[in-house]
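Once you've looked at the hints, dock chain C against the given chain E.
Number of protein chains: 2
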Amino acid sequence: MTTLRDARIRHLVVFTLRHEEGSPGAEAFLAALRSLATIDGVEDFEVVRQVGLKNDYEFAVTMDFAGRAAYDAYNGHPIHVAFVSEHWNADVTDFMEIDLAGLRYDGNRR
Amino acid sequence: MTTLRDARIRHLVVFTLRHEEGSPGAEAFLAALRSLATIDGVEDFEVVRQVGLKNDYEFAVTMDFAGRAAYDAYNGHPIHVAFVSEHWNADVTDFMEIDLAGLRYDGNRR
Numbered sequence: 015m016t017t018l019r020d021a022r023i024r025h026l027v028v029f030t031l032r033h034e035e036g037s038p039g040a041e042a043f044l045a046a047l048r049s050l051a052t053i054d055g056v057e058d059f060e061v062v063r064q065v066g067l068k069n070d071y072e073f074a075v076t077m078d079f080a081g082r083a084a085y086d087a088y089n090g091h092p093i094h095v096a097f098v099s100e101h102w103n104a105d106v107t108d109f110m111e112i113d114l115a116g117l118r119y120d121g122n123r124r
Numbered sequence: 015m016t017t018l019r020d021a022r023i024r025h026l027v028v029f030t031l032r033h034e035e036g037s038p039g040a041e042a043f044l045a046a047l048r049s050l051a052t053i054d055g056v057e058d059f060e061v062v063r064q065v066g067l068k069n070d071y072e073f074a075v076t077m078d079f080a081g082r083a084a085y086d087a088y089n090g091h092p093i094h095v096a097f098v099s100e101h102w103n104a105d106v107t108d109f110m111e112i113d114l115a116g117l118r119y120d121g122n123r124r
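Residue numbers (my numbering), protein chains in the order written: chain E, 15 to 124; chain C, 15 to 124.
The shape of chain E in the complex, shown without the other chains:
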């Protein structure tokens, strides 16, 4: 795994879908989710399963950004905004966002 040094940020969202795993609805959602990997500045993008028994989330998406500017650009990118409006808000029933950075991360002096 790439070390989280300098301003690097790892964005992780664990989530649950209203569709059953393996169903056409779930597959369509995951395909739409993967379109976010095409946004400039998104690195190490991966859609995975949450397999731990100590929480109820079913899936996760993880991606890295070189710094806060890339993260902000992603958040405001039309592809991301459209995905949230058309897919995320319609299909996700529960989620939690986690952002990780190195212990010396300074928030890009934000």
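Do not take every clue at face value.
Copies of the same chain look alike in the list, so a pair counts if it fits in one copy or across any two.
As the list claims (entries may be wrong) - When the alpha-carbon atoms are kept at most 25 Å apart in a straight line, the in silico SDA-like pairs for lysine to any residue are as follows:
(1) Lys68 to Ala51
(2) Lys68 to Gly36
(3) Lys68 to His25
(4) Lys68 to Asp108
(5) Lys68 to Val95
(6) Lys68 to Met110
To be clear, the hints were calculated from the coordinates, so they are not data collected in a lab.
Just chain C, lined up with the frame of chain E:
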């Protein structure tokens, strides 16, 4: 970031300490936490900060295992068991565990 394929599992724990960040108590805890990296089978070990504003956790520890057997061995390892008893239970006020695996993960047919 290493792709989560085959039986590979990423174990992530986000947590909050009863010590203030940067205090001697926090530093001592994080040093003890790092001792877990010496356990056989623990890969890509990293202690990081949780910097997202959408949850209240302050830190995270992340590590990868090649598969379920390595993960189980870690859980039962004397170094891990002693760490939980002597440091984790004493110093951590809140935490959440997340385990990630590839979409085709089969739980090592556990």
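Are there hints from earlier that the structure breaks, and if so, what are their numbers?
The structure breaks none of the hints.
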